[in-house]
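Asker: Residues per chain are reported as follows:
Protein chains: 2
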Amino acid sequence: MIHPVILCGGSGTRLWPSSRKAYPKQFAKLLGKESLYQSTLRRLSGEGFGPPLVMTNETFRFMASQQAAAIGLMDAQVVVEPCLRDTGPAILTAALMLERDEGADALMLVAPSDHVIADVPAFLSAVRQGVDAAQTGALVTFGVTPDRPETGYGYLELTAKPNGSGAAIALASFREKPDAETAAAFLAAGTYLWNGGIFLFRTGDVIAAFEACAPQLLAPCRAALEKGAEDLNLFRLDLDAYGSAEAISFDYAVMEKADKVSAVPLTCKWSDLGSWDALWKEEGPDANGVSTNGAVTVIDCADSYLRSEEENMHLVGLGLKDMVVVAMRDAVLVAEKSRAQEVKDVVKTLRAAAAPQADDYPRFHRPWGWYETLCIDERFQVKRIMVHPGGVLSLQSHHHRSEHWVVVSGTAEVTVGEQTKLLTENESVYIPLGAVHRMANPGKLPMYLIEVQTGSYLGEDDIVRYEDVYGRG
Amino acid sequence: MIHPVILCGGSGTRLWPSSRKAYPKQFAKLLGKESLYQSTLRRLSGEGFGPPLVMTNETFRFMASQQAAAIGLMDAQVVVEPCLRDTGPAILTAALMLERDEGADALMLVAPSDHVIADVPAFLSAVRQGVDAAQTGALVTFGVTPDRPETGYGYLELTAKPNGSGAAIALASFREKPDAETAAAFLAAGTYLWNGGIFLFRTGDVIAAFEACAPQLLAPCRAALEKGAEDLNLFRLDLDAYGSAEAISFDYAVMEKADKVSAVPLTCKWSDLGSWDALWKEEGPDANGVSTNGAVTVIDCADSYLRSEEENMHLVGLGLKDMVVVAMRDAVLVAEKSRAQEVKDVVKTLRAAAAPQADDYPRFHRPWGWYETLCIDERFQVKRIMVHPGGVLSLQSHHHRSEHWVVVSGTAEVTVGEQTKLLTENESVYIPLGAVHRMANPGKLPMYLIEVQTGSYLGEDDIVRYEDVYGRG
Chain C
448 MIHPVILCGG SGTRLWPSSR KAYPKQFAKL LGKESLYQST LRRLSGEGFG PPLVMTNETF
508 RFMASQQAAA IGLMDAQVVV EPCLRDTGPA ILTAALMLER DEGADALMLV APSDHVIADV
568 PAFLSAVRQG VDAAQTGALV TFGVTPDRPE TGYGYLELTA KPNGSGAAIA LASFREKPDA
628 ETAAAFLAAG TYLWNGGIFL FRTGDVIAAF EACAPQLLAP CRAALEKGAE DLNLFRLDLD
688 AYGSAEAISF DYAVMEKADK VSAVPLTCKW SDLGSWDALW KEEGPDANGV STNGAVTVID
748 CADSYLRSEE ENMHLVGLGL KDMVVVAMRD AVLVAEKSRA QEVKDVVKTL RAAAAPQADD
808 YPRFHRPWGW YETLCIDERF QVKRIMVHPG GVLSLQSHHH RSEHWVVVSG TAEVTVGEQT
868 KLLTENESVY IPLGAVHRMA NPGKLPMYLI EVQTGSYLGE DDIVRYEDVY GRG
Chain R
448 MIHPVILCGG SGTRLWPSSR KAYPKQFAKL LGKESLYQST LRRLSGEGFG PPLVMTNETF
508 RFMASQQAAA IGLMDAQVVV EPCLRDTGPA ILTAALMLER DEGADALMLV APSDHVIADV
568 PAFLSAVRQG VDAAQTGALV TFGVTPDRPE TGYGYLELTA KPNGSGAAIA LASFREKPDA
628 ETAAAFLAAG TYLWNGGIFL FRTGDVIAAF EACAPQLLAP CRAALEKGAE DLNLFRLDLD
688 AYGSAEAISF DYAVMEKADK VSAVPLTCKW SDLGSWDALW KEEGPDANGV STNGAVTVID
748 CADSYLRSEE ENMHLVGLGL KDMVVVAMRD AVLVAEKSRA QEVKDVVKTL RAAAAPQADD
808 YPRFHRPWGW YETLCIDERF QVKRIMVHPG GVLSLQSHHH RSEHWVVVSG TAEVTVGEQT
868 KLLTENESVY IPLGAVHRMA NPGKLPMYLI EVQTGSYLGE DDIVRYEDVY GRG
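Quick mapping for you: the protein sequence lines, in order, are chains C and R. The first sequence begins at 448 in the numbering used here and counts up one residue at a time. The second sequence begins at 448 in the numbering used here and counts up one residue at a time.
One should not assume that every hint holds.
Since the list can't tell identical chains apart, any single copy or any two copies may satisfy a pair.
[As the list claims (entries may be wrong)] Within a straight-line C-alpha distance of at most 27 Å, the following computed DSS-like cross-link-like pairs (lysine-lysine) qualify:
1) K768 / K728
2) K891 / K480
3) K624 / K868
4) K791 / K707
5) K674 / K624
6) K674 / K784
7) K468 / K480
8) K791 / K891
9) K480 / K784
10) K768 / K468
11) K784 / K768
12) K795 / K768
13) K795 / K476
14) K468 / K891
15) K704 / K868
16) K704 / K468
Calculated from the structure, these hints are not laboratory results.
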């Protein structure tokens, strides 16, 4: 039995505008109908795998459990890291939890949630090789067999050339991202793999390695776990304790120093989708080097990626060469593809200009579901709201706006003042300015509602909360 | 007194997506807060000018009168050409109307509605020179002094070099769009002007020229006028008569053949905004050759035009060279700037693919105002609706949908079944499936309303009309 530990607290900006701080790439549906996080969960489920342990943060905790539930994984255990402390403390804490619950011999497989591995059988066959090595006490890392002299990844140097058996090979060293010449030499040597950031070991072995290589992390992580608390169906680590742990990566804290480290070669296609360039490649460019996603028309383009995220937004490229175009309802990126790495600087520029598109996503995710603004003007705003089955908004009132609610799908339980009633599709209710009100979805299907606000001030901060099941102030 | 005749029946596609069949470039706010049509009306109003005569078609009739009213021109006379017959019949019909009402000596100035002339005093000074010539019986055309060997325009060949006085010069010939070598020779010679499509003459003189050069047009145009009818505050030419006129341009029918033709040089800046390339130039590129419009962030770009038409849609260009990017809520164009002329082919491609974005505009203009879809799903749709003061929608019912209306600005007079009532901001009404209903704006300000439709079929063709003040079936 392997216990998957999924790391999904990151929020990269190099795939802006599709990936933003409020809704990062692991949760976005970048390829196909599932998010990368969901594909990762699915890849590590089924026979031989225990319920996943998901390490995430405050902001993503509901997204993590909702997206797991949406693919039928009801037993995912979500652990909230109350502050950012890099992968070292996260993996140690997960190991301590699993050791406590499953014993020191329990196998844990640590994986990022934002990588693409399409060939699941090949991946699982590598995992089986990893299990053999881990059961001898090794810390196993999975390395991707390079197919090009990539300068964007770190490398694993092996002590021997892989012999095709797929078996783990003892590691000689970790190597930083190389320059082009070094990368070419690595590729030619045949004894280097890309560092994929996937690990497999027994809980007892990795804890022992932490004790040997990074003993300072033990006390804070143990305390974060002991003083942590169940909160709804999440487990929240203790902020003070976890915050006192050093922020350090797992590679740096342990793997680069530990004794018995080996690597299993992954021979299947793999990508960390680190930039739009990678997504262009992943989508399968045609003979002209063009790949597309969504409502796109391509006229005489080459070596380009064109992506429209909105069904009703038609993107047209005419005569493009080496370009990336990503169109969303609130933001459009047009960039030279060879400069895809600089997209993270675009986000910094937008932040400096206080553009909300830098970090906000047009669909705002909340514990109870999501909302999006359809139209906003000086004295009115129209929102589309989705409430999950069982979702309950806070009991609230507003000083400056009235609201009209029209249910367009599902069933809503609506409280206005002293009265509570059920509304179904095509029914509406009016919330006068100042009235205490609440909306919930008591049904088994998602509930969709259109809200029309009118008033002199429409900011999200005009809210008085009387009660909130999610503990928000 | 000069009588302006504004031609605004065209619908070019080379500025797609901003210009579409349903909302072409003369009505779009391409530069600044006024449309090109409005700027044209304004340029030809004030002292010395009579009320404008606007020649347009069925589709644009309400836009033409509403945009005139919006800039305070309440006396514009809109003439509806019931079918497309090019500029020959349109100008002859306008001349016949003006001769009838103002006499054979009345001066008429014919101008396209989609050109940019920023220096109004310089333009008016040229018009005064034109008046002098026209009063001697000449057919005057205005030609733009070239500042480059442009191959995209037709040329006027003068019989003499302009002497700087600005006076009209007799015309030697009309020349088609030249090749690059010829254009360079034209520029060097100094006796060629770009054909600006602006004309000035007395009604009697131009009618006489039609009689001499294109006599076949007289009977159909006279009949179209005589059998035409007032319709609301428009004048509609008779379809059968107008339709029997030959479709022919004014240049070809008259100017190239007539005897006494002269040209007045226009020395001010002029553009026909024939492509995105022209708009890029008109917006005033910076030192890197970059010009922008709307919410745009430019990082390391050169020789490019970036335009976002939506306030809440942020467009980012990174490393662009020689590009045009135009972002709208339903369509995004990214094109090599040097291929801007091919944008018309983009529209053909989209039409062939039945993409609504080819011809429809996201804001649908109607006689009573406009509407736009904010959100559409399988079983519901949300629209934002604006009704002009005095606007009245048809009395109607639907077989497949119910509607919730929420007034968000202004006052609505709403009829549902036998009841009529007034709704003001923040009031709502429900229209059950099948109920006969109507909406009107009895007020002095525009009325804005949010409509939430729910039902199994939401097409615009689910409508039974009982009565319509605009004569729609």
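Asker: Using 27 Å as the alpha-carbon threshold, which applies to K674 and K784: within, between, both, or neither?
Answerer: Neither, since 48 Å and 62 Å both go past 27 Å.
Asker: Can you give me the call for K624 and K868, within, between, both or neither, at a CA distance of at most 27 Å?
Answerer: neither (61 Å within a copy, 72 Å between copies)
Asker: Between K784 and K768, at a C-alpha cutoff of 27 Å, which is it: within one copy, between copies, both, or neither?
Answerer: The answer is both: 9 Å in one copy and 13 Å across copies each meet 27 Å.
Asker: Using 27 Å as the alpha-carbon threshold, which applies to K480 and K784: within, between, both, or neither?
Answerer: Within one copy only: 25 Å inside, 35 Å across.
Asker: Have a look at K795 and K476 and pick one of within, between, both or neither, based on CA distance no larger than 27 Å.
Answerer: The answer is within: 23 Å in one copy meets 27 Å, while 32 Å across copies does not.
Asker: Please work out whether the CA atoms of K704 and K868 approach to 27 Å or closer within one copy, between two copies, in both situations, or in neither?
Answerer: neither (63 Å within a copy, 80 Å between copies)
Asker: Evaluate K791 and K891 at a C-alpha cut-off of 27 Å and name the case that applies: within, between, both or neither.
Answerer: Neither: 40 Å inside a copy, 50 Å across copies.
Asker: Could you figure out if K791 and K707 sit no more than 27 Å apart (CA to CA) within one copy, between two copies, both or neither?
Answerer: Neither way: K791 and K707 sit 37 Å apart in one copy and 66 Å across, limit 27 Å.
Asker: Check K704 against K468 for me: Cα-Cα at most 27 Å, and say if that holds within a copy, between copies, both or neither.
Answerer: So K704 and K468 fail the 27 Å test inside a copy (33 Å) and across (68 Å) alike.
Asker: 27 Å Cα cut-off: does K468 pair with K891 within a copy, between copies, both or neither?
Answerer: neither (31 Å within a copy, 46 Å between copies)
Asker: How do K768 and K728 come out at 27 Å by Cα distance, when the copy is not named: within, between, both, or neither?
Answerer: For K768 and K728, the Cα distance is within 27 Å both inside one copy (15 Å) and across copies (23 Å).
Asker: Since the copies are identical, ignore which copy is meant and state whether K674 and K624 lie within 27 Å (CA to CA) inside a copy, between copies, both or neither.
Answerer: Classified as neither: same-chain Cα gap 39 Å, cross-chain 82 Å, threshold 27 Å.
Hints 3, 4, 5, 6, 8, 10, 14, 15 and 16 from the earlier list are contradicted by this structure; the remaining hints agree with it.
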